[in-house]
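Let chain F serve as the given structure and place chain Y on it in line with the hints.
Line by line, the protein sequences give chains F and Y.
Residue numbering for the first sequence follows the numbering used here, starting at 223 and increasing by one per position.
Residue numbering for the second sequence follows the numbering used here, starting at 223 and increasing by one per position.
Hints are not guaranteed to be accurate.
Note that the list lumps identical chains together, so a pair holds whenever it fits in one copy or between two copies.
Here are the simulated DSS-like pairs of lysine-lysine, each with C-alpha atoms no more than 27 Å apart in a straight line [as the list claims (entries may be wrong)]: (1) Lys462 with Lys415; (2) Lys363 with Lys552; (3) Lys236 with Lys319; (4) Lys363 with Lys432; (5) Lys362 with Lys352; (6) Lys399 with Lys319; (7) Lys415 with Lys399; (8) Lys352 with Lys363; (9) Lys352 with Lys299; (10) Lys552 with Lys319; (11) Lys461 with Lys319; (12) Lys461 with Lys362; (13) Lys363 with Lys399; (14) Lys236 with Lys310; (15) Lys461 with Lys416; (16) Lys310 with Lys416; (17) Lys416 with Lys399; (18) Lys552 with Lys461; (19) Lys363 with Lys416; (20) Lys319 with Lys432.
Rather than coming from a laboratory, the hints here were simulated on the basis of the structure.
Quick caveat: nothing in here was measured; it's all calculated off a predicted structure.
Protein chains: 2
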Amino acid sequence: MRNNGNDLNSEIRKDPVIGRWVIVGHDKGYVAEKKESIQRKANPSCPFCPGNESSTPPEILSVEKDGKWQIRVIPNKYPALSSEGEIKREGVGLFDKMSGIGAHEVIIETPDHLASVTSLTVEQFTEVLKVFRSRFNELKKDERFRHVLLFKNEGHSAGASIEHSHSQIIATPIIPKRVQEELDGAEFYYSYKKRCVFCDMLELDNRFFKERVVIENDNMCVISPFAARFPFEMWVLPKKHFSTWENSDDEMLRSQAEILLSILRALDDVLGNPPYNIILHSSPINGNCDNYYHWHFEIIPKMKRIAGFEWGTGFYINPVPPEEAAEVLKRRLNR
Amino acid sequence: MRNNGNDLNSEIRKDPVIGRWVIVGHDKGYVAEKKESIQRKANPSCPFCPGNESSTPPEILSVEKDGKWQIRVIPNKYPALSSEGEIKREGVGLFDKMSGIGAHEVIIETPDHLASVTSLTVEQFTEVLKVFRSRFNELKKDERFRHVLLFKNEGHSAGASIEHSHSQIIATPIIPKRVQEELDGAEFYYSYKKRCVFCDMLELDNRFFKERVVIENDNMCVISPFAARFPFEMWVLPKKHFSTWENSDDEMLRSQAEILLSILRALDDVLGNPPYNIILHSSPINGNCDNYYHWHFEIIPKMKRIAGFEWGTGFYINPVPPEEAAEVLKRRLNR
Numbered sequence: 223m224r225n226n227g228n229d230l231n232s233e234i235r236k237d238p239v240i241g242r243w244v245i246v247g248h249d250k251g252y253v254a255e256k257k258e259s260i261q262r263k264a265n266p267s268c269p270f271c272p273g274n275e276s277s278t279p280p281e282i283l284s285v286e287k288d289g290k291w292q293i294r295v296i297p298n299k300y301p302a303l304s305s306e307g308e309i310k311r312e313g314v315g316l317f318d319k320m321s322g323i324g325a326h327e328v329i330i331e332t333p334d335h336l337a338s339v340t341s342l343t344v345e346q347f348t349e350v351l352k353v354f355r356s357r358f359n360e361l362k363k364d365e366r367f368r369h370v371l372l373f374k375n376e377g378h379s380a381g382a383s384i385e386h387s388h389s390q391i392i393a394t395p396i397i398p399k400r401v402q403e404e405l406d407g408a409e410f411y412y413s414y415k416k417r418c419v420f421c422d423m424l425e426l427d428n429r430f431f432k433e434r435v436v437i438e439n440d441n442m443c444v445i446s447p448f449a450a451r452f453p454f455e456m457w458v459l460p461k462k463h464f465s466t467w468e469n470s471d472d473e474m475l476r477s478q479a480e481i482l483l484s485i486l487r488a489l490d491d492v493l494g495n496p497p498y499n500i501i502l503h504s505s506p507i508n509g510n511c512d513n514y515y516h517w518h519f520e521i522i523p524k525m526k527r528i529a530g531f532e533w534g535t536g537f538y539i540n541p542v543p544p545e546e547a548a549e550v551l552k553r554r555l556n557r
Numbered sequence: 223m224r225n226n227g228n229d230l231n232s233e234i235r236k237d238p239v240i241g242r243w244v245i246v247g248h249d250k251g252y253v254a255e256k257k258e259s260i261q262r263k264a265n266p267s268c269p270f271c272p273g274n275e276s277s278t279p280p281e282i283l284s285v286e287k288d289g290k291w292q293i294r295v296i297p298n299k300y301p302a303l304s305s306e307g308e309i310k311r312e313g314v315g316l317f318d319k320m321s322g323i324g325a326h327e328v329i330i331e332t333p334d335h336l337a338s339v340t341s342l343t344v345e346q347f348t349e350v351l352k353v354f355r356s357r358f359n360e361l362k363k364d365e366r367f368r369h370v371l372l373f374k375n376e377g378h379s380a381g382a383s384i385e386h387s388h389s390q391i392i393a394t395p396i397i398p399k400r401v402q403e404e405l406d407g408a409e410f411y412y413s414y415k416k417r418c419v420f421c422d423m424l425e426l427d428n429r430f431f432k433e434r435v436v437i438e439n440d441n442m443c444v445i446s447p448f449a450a451r452f453p454f455e456m457w458v459l460p461k462k463h464f465s466t467w468e469n470s471d472d473e474m475l476r477s478q479a480e481i482l483l484s485i486l487r488a489l490d491d492v493l494g495n496p497p498y499n500i501i502l503h504s505s506p507i508n509g510n511c512d513n514y515y516h517w518h519f520e521i522i523p524k525m526k527r528i529a530g531f532e533w534g535t536g537f538y539i540n541p542v543p544p545e546e547a548a549e550v551l552k553r554r555l556n557r
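One chain only, chain F, in its complex shape (with noise of 0.2 Å):
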């Protein structure tokens, strides 16, 4: 916080979807705050680079070119659950748990150590979410799952481990809680207005309030969501009404692929090269929910430490209001 106390305007807003409170404050010095700048540098030792394939566990598949990879998906080294086995439900009084069934894959979107996925072409980043469409659509087939999370960590305080520009998926056998928060948003809004609140948000802001509305393009639009809770998060969703990304077309990534780079390129240079975490967040497996989920990517640029009063209450101080950062985005984006 670096309000000044005499020219406090904060505002606190209300999440539509989700129904979550966040308090927007007035503040410039959201730059101060970020942590780090991401820079690469060689690593000889990269396990995820050309050369060291012997390093990872055997590859599930790879794009080619010339006889070399582009892309390549490998199990996850380190899973955080167990793609071999049956679900074993268990439970004593309160205390229910299952085997730690799923799948955890790791998708290498270039070969080139030093590249950020901004530095793709359109061409070369729609390949890449081709092969994410592949391996979802893939575990979607697997009965045991009933949800699989596409995301991207890039930079340490983001939670990336490893330098090398990679993407995850994780399979669950249980739908994650904020996942079902949003379904529940949405259902409630639909049953009684019998519309998406997600496409009734996308009308609004770009009827009422193109401050918000960041960029678009054919098929998809960039929001800065009136209830952000961090500094610049953003909202990437289809113009049109689709509850499950991966049934997107090859037309569809495209427009995606043009979009993520326009909005990640402009991010780097505003915020100098920030850490962010992209969340894909698509219906569950047979969610049954395509009259009101509304697919989307969430980015969120790491620009803060959250503090404990955020991880305890699910209550966020977010210091820069999302209009500002739309306007600061629009600005770089237009010149």
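Just chain Y now, kept in the frame of chain F:
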């Protein structure tokens, strides 16, 4: 994750109150993940040190001894919320907001810049808790507020921006989401069991899962919770059912001081002065939940970075099984 794929033996556990699932793995690597070991250094310009009182806003109260303050309460110089004004509510379509009204105070727990709370005596810590209670009860009287949050950030990576030992108290016009989830979970359980879920959890752990009971005294108990989200997460609960912490009498506060000092000292020893957060979970103001809510402290050492996966999903991976964390701490406590 430091698991070797070969001996992976994780399980997925469900928090009995909130229903959140956590992947609990087996991992001895938690110490290597720790980023920060707290070591305080003298700082002549520290605004919380005696002699520099004029660099803080005027004090709200202080506890003195021999003409010198021992504990001091001040308004936060950079408050998240403003204490002056009416609460105005406003909405456009989906988007609800209210004015950022609230209270934000800082409790300086010792005049000694180099001291952590663990260097206080039981008597001194009891005095600190009495000051918390006094401010809590004072803020409760303000009819604009629905909830009072009391929390401590120890160490930079736990969110502390000033090294000198202090806690914070924030009164808000809304009930934070996490608190509401606990209330909802506890109410749901009560609706079909007519019992408190926290009481049942304590009972079950004490009768059948002693391995999760870390330490107890006459009034209080520390458990390593079944579905701990974080390595060495600890919950500190009263053995008897009480919904509101701020009604604790002096004897209860002394019991709390005693047990908090014991567990915090054990964590310091075992984890090497880790950064941590302590968050008080007490009933909202006029929460009407005396039957089913059970106040408690949550202690969360910051042992690992939080990655996108966890942010985006509310689905946590805890490499250290709570039973192992308890065992390590109990060995230290019984030494």
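Tested hints:
no., hint, result
1, Lys462 with Lys415, "within (18 Å within a copy, 45 Å between copies)"
2, Lys363 with Lys552, "neither (41 Å within a copy, 45 Å between copies)"
3, Lys236 with Lys319, "between (33 Å within a copy, 6 Å between copies)"
4, Lys363 with Lys432, "neither (40 Å within a copy, 41 Å between copies)"
5, Lys362 with Lys352, "within (15 Å within a copy, 55 Å between copies)"
6, Lys399 with Lys319, "both (15 Å within a copy, 25 Å between copies)"
7, Lys415 with Lys399, "both (24 Å within a copy, 24 Å between copies)"
8, Lys352 with Lys363, "within (17 Å within a copy, 58 Å between copies)"
9, Lys352 with Lys299, "within (23 Å within a copy, 50 Å between copies)"
10, Lys552 with Lys319, "between (47 Å within a copy, 25 Å between copies)"
11, Lys461 with Lys319, "between (39 Å within a copy, 25 Å between copies)"
12, Lys461 with Lys362, "within (25 Å within a copy, 46 Å between copies)"
13, Lys363 with Lys399, "within (22 Å within a copy, 35 Å between copies)"
14, Lys236 with Lys310, "between (39 Å within a copy, 14 Å between copies)"
15, Lys461 with Lys416, "within (18 Å within a copy, 48 Å between copies)"
16, Lys310 with Lys416, "neither (38 Å within a copy, 30 Å between copies)"
17, Lys416 with Lys399, "both (24 Å within a copy, 26 Å between copies)"
18, Lys552 with Lys461, "within (19 Å within a copy, 55 Å between copies)"
19, Lys363 with Lys416, "neither (30 Å within a copy, 42 Å between copies)"
20, Lys319 with Lys432, "between (46 Å within a copy, 18 Å between copies)"
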